[in-house]
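Asks: Make a model of the complete structure from these sequences and hints.
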Amino acid sequence: MSKLALLLLILVIIAGGFGAYYYYYYVYLPSTIITLKVLAWGGVEMSETLKEIISGFEQEHPNIKVEIVLVPAEQREVMILSMAQSGTLPDVLHFMPYALAEYVEAGILDEPPDYVIKDIKANYPEGAIEAVSYKGKIWGYPTEFDPVCLWYNKKLFEEAGLTRPPETWEEVIKYAKNLTKYDASGNIVQEGFALFASENIAYDFLIFLQIFYSAGGKFLSDDFTRLLINSSEGVYALSLIHDMISKHRVTDVKWGATEAFRLEKAAMTLQELPWRNDLEPAMGENFTHLATYLPPKVGGKRVTIAHIYLMGVASTSEHKKEAWELVHWLNTPRREGEASPLAQYFFKIGIMPSRFSDLRANPDYINNPLHRPFFESLNFTKPIVPSLRGFAEIAGILFTMMGNVEYGKAPPKAALDEAVAKASAVLSKYYGSVALGDESSRAFKLVADWEDYVVRHGVAMKEALKMELLTMTSLLFLLHRSTL
Amino acid sequence: MSQDKLTPYILLLPIVAHIVVFWLYPFALNVYISFLYWTGLEPLYKAKFVYLENYRSLLLEDERFWTALRNMAYYALGVPVIIGLGLGLALLLNQRVRGITFFRMSTFAPYITAGVALALIWQAGLYHPFYGLFNEVLRRLGLPPQPWLRSPSQALPAILIHIVWKHLGYIALLFLAGLQQIPQDYYDAASVDGASAWDKFRYVTLPLLRPVILLVLILVTIGALQIFTEPYVMTMGGPADSTLTLVLYMYFMAFMYMNMGKAAAMVNILFAIIFALTILEIKVLRRSGAYWG
Amino acid sequence: MRGFKLLVYALLAIVALAYWFPYAWMVLSSFKTTEEILTLPIRILPRSLYVYNYVFLVTEFPFLNAYINSLVIASLTTILVIFTSTLAGYVLAKLEFKGRDVLFMLVLAMQMIPFFVTIIPNYKLIASLGLLNTYWAVIIPSMVSPFGIFLMRQFMLTIPDDLLDAARVDGCTELEVLFRVVFPLCKPAWIVLGVTTFIASWNDFLWPLLVLRKKEMYTVPLLLNLLGVAAGDPRYYGVLMAGNTLGTIPTLIIGALAFRRIVEGMRFTGLKM
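Going down the list, the protein sequences come from chains B, W and Y. Its first residue numbered 1, the first sequence is counted upward by one per residue in the working numbering. Its first residue numbered 1001, the second sequence is counted upward by one per residue in the working numbering. Its first residue numbered 2001, the third sequence is counted upward by one per residue in the working numbering.
In short, the hints are calculated from the structure, not lab data. Keep in mind the model is a prediction, meaning the values are calculated, not measured. Possibly wrong hints are sitting among the right ones.
A few chain W residues that don't get close to chain Y, going by computed Cβ distances all over 12 Å [to be verified]:
| no. | residue |
| --- | --- |
| 1 | L1077 |
| 2 | V1079 |
| 3 | P1080 |
| 4 | G1084 |
| 5 | Q1184 |
| 6 | Y1187 |
| 7 | A1190 |
| 8 | K1200 |
| 9 | R1202 |
| 10 | L1208 |
No more than 35 Å apart at the CA atoms, straight line, and that leaves these computed lysine-lysine pairs for DSBU-like [said to hold, decoys possible]:
| no. | chain 1 | residue 1 | chain 2 | residue 2 |
| --- | --- | --- | --- | --- |
| 11 | B | K218 | W | K1046 |
| 12 | Y | K2214 | B | K254 |
| 13 | B | K174 | B | K155 |
For every residue, glycine included, the Cβ atom is placed at its ideal position computed from N, Cα and C.
Replies: Following this line, the structure appears as structure tokens:
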């Protein structure tokens, strides 16, 4: 065979290869059955339970199949990042939107249809709705809203002669002084109040916020350019924590609260309900010594905060209408007086849903003395902070501030002032007069466009490339053999 | 014969292509990203062009960046320690006693063990305030137990001790190679001149080891600038950022704070520092003519 | 002189103790029950060989999976690195062509770029190609190693040209010279390169942490990190130590067997590793 003919043959095969794969992926594969992908986390058992529950939806909608995309819980938000970059976001997203502003600004969330928004407004606590709102719009169902309440050890209380949990923060300090035990050299062997410190300083920041908001503090200025935590309420809140460590000496920052509670070496702390999953298995029977109560008041006022989970639809979804139907189906009761399918799933895995009808549908759960304070707190629970851009980075600054104060590296007022200044520097980029630059300079648009192209066709390209490599390698081999 | 002319290029093509795609292109793209505000969620072309804003905010406004740099300077303090100890260990391992290979391998073992495993053993098994071996030993000796990784003042030194321990064997082996290249004649000549052991060390060993010492100095410093695994596993940046390193902070900035532009800027700054050091290393190597192969 | 030798042995003993005690503690702890771990004062030796930690490790965590993942990734990476390094090393050392020196400078320059510079763009690239959570995400970026190319080139320079010319005279094509004459000579260099690459790949942490997100795909260091996080709960402490024990055995064995070669490799390339 002449060299030219061989070359032509190769070119034909190459063209054919590419053609075959593009056809396969863009014409053949898309079929009439709509597949919705749902993002979920947890173990295999949990996803099996979720699958069972979702099968109810599949029965009602025979042309829709639901696939669950399982990710490890800690990796959830980073996986969303990578999936956004590779264009493989699932249709339904269920995640913790601590950076809701960034997600909305990047345009990866779809705006809910009106019937969803109406349903959310009518059935969820105000704080939960606020937590999933940004720029005046609601972005999905606030499925899980975990308020922070008081946890205490009844046994240790009884030993100190205390009969009821503290109502105010002054009482907390008083109780803590009674409950703290020291050894011969003055080290704390039993904490009156436990902080999370080296275990996870973010939780101590939540405690700070609980005091701050109860004292009437406001987190953010109305124009979103400044944090207001260095107000008198902020100084009060942070000083309270600081004094617990250095003045009253009722807590030891070397211990993490979870450790201390497990070993029954701490009497009180503030945490969310899911914390029981860290305590119960490790404590066994001793877990029954623990009890919960409403978070402490400041000056007669009681406010607490909660983490939020959002269930919404990705803007890259090709079946948004059906996806919202699935989301709505999961979050609304199928029959009057019943819990919604998602709530049934939540109850099975030990999570408290935030929808009122779900909570009313399960009175045993609500009236369980361990759960009740969390349920009652829903009325005065706020989102941790209003959704704002750059919050993740600011959170880092705020956690460093907590650390500086807890380890005595800075006094409360100075630490607050510093944190506010640094946070403002971050915020000014998004909300201030120093606006961010305009769109990417045209010169680089080519590269950027190519990047986008790779993202959208990446998978198909990869498959085609694989096949081409195979073909060419075998051809090269044959060529080498034949010309020898 | 035309086949032969092309052969080198054909053979090298995939390799060069790989280097371009996975080293050169990312390097250039990283520079580009550092001029953007990009969360990583939207396509790159939608990111906003912010010129030098990331660098400015990093160098002028970001306290944690400077904290990380200060921590790295502290880590760099460990460098002379590791060099001194390494040299001493090398001298010890250079002795001709039976079974010396076993001891050499022992000091080398941590270097080839997964950093994660060692970091966890030290964090959970040795440095733990209640169940760790160190505090148990202190308690038995009647000394007060230490908070180690739980205290901002002790966490960084604790991690530093661990890192020095891990790499000491490797450094010692490098010095050992250098020591063994010194011809015995030099020592014999010195003995003839009436030199003591200390004199021999000072006037024969040290000068001839100078290029190795300088080389190791730079290698270790460059390594110290890239520490990630130990602080990530043991303290996640440490109580109050006391063990924060630049690569760790970059990881947070890119994948948790979703500010890829700033992370890229940080990376470039760090690279500039390392690049300068590497140029220094090459100059040192050239000057001392040390290619040992 | 007796006194001196005694001193040396004493110092060596101290060194050995300093280097083995963490491993000893790891192994001993892996056989302790939760109770033993949590009671103070701490006992050094476990009461008995409590193997349940190991059982728990293998059944509750995908430890076998992680082992296989690490094994596959490290092996494939090593094979590919040896292949590409030998190829490139040979071409750069033995073949004359335009731009050869420039390319070699390029390879050296690549060694100067630290890994973290390429992390973010490489991550985006791998994600775009849909390769996240696959072996290839870890293997492909590492399969060409500037260090490996450098090592093999230096080694190739020591192969006498006469050998190659003789083969050429006998009528071999370049490829045949490479495969039939050069490759068999490379064994010592391959051992050095192979061992160092395998160990480095096995121990790699940051990159797999980024691109392997599902537990079943974790490599051993990633799984150990997961165990470490879980070990905030003291019940998992023994399991963590069991995991560490199993995870560190392969590299220790390889290191012990190939120790001499590794040291040779260190000397050969100007003390870099």
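Asks: Return the numbers of the hints above that this structure violates; sort them in rising order.
Replies: none
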